[in-house]
Amino acid sequence: MRWARDREPGDEACSFRGKQSIRQRVPTSVLRIDHLRYRRYVDAFVDGELDGGLRSRVADHVAECPMCGRYAELTVHVKHSLARRRGLTERAAERLRLWARRQPG
430 MRWARDREPG
440 DEACSFRGKQ
450 SIRQRVPTSV
460 LRIDHLRYRR
470 YVDAFVDGEL
480 DGGLRSRVAD
490 HVAECPMCGR
500 YAELTVHVKH
510 SLARRRGLTE
520 RAAERLRLWA
530 RRQPG
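With my numbering as the guide, the letters of the sequence shown map in order to residues 430 to 534.
Some hints could be false.
Simulated restraints, written as ranges between beta carbons of each label pair [as the list claims (entries may be wrong)]: (1) 526 <-> 499: 29 to 35 Å; (2) 523 <-> 482: 40 to 46 Å; (3) 502 <-> 532: 41 to 47 Å.
No lab work stands behind these hints, which were simulated from the structure alone. Idealized CB from N, CA, C, for every residue including glycine.
Throw the hints in and build the complete structure from the sequences for me.
If you want it as structure tokens, here you go:
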């Protein structure tokens, strides 16, 4: 994901890529509320826990909002990293069980 060109440093409002700046169409206070509303659903979206219309609206927002898109990418990356580590831990536990079975007594 890349930041929209019209985004100013320190501006928390998100802009839609390839479209007129949303800052020019919607007051910033409304945009922030809308942005925060969608942001809280990103984890559930990444986990596939949202249904129908909400899933579609969050998917559209994540695709269009650079901040939420990046947050979703990072969430997926962290979840995949943790899943890989869990696999390593399970393998280590299995190896420890095998070692314990081979010990006398």
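Cross-check of the supplied hints:
The beta-carbon spacing between residue 526 and residue 499, approximately 41 Å, falls outside the hinted interval of 29 to 35 Å. A hinted range of 40 to 46 Å holds for the C-beta pair residue 523 and residue 482, which are about 44 Å apart. For the pair residue 502 and residue 532, the supplied restraint of 41 to 47 Å holds, since their beta-carbon distance comes to about 46 Å.
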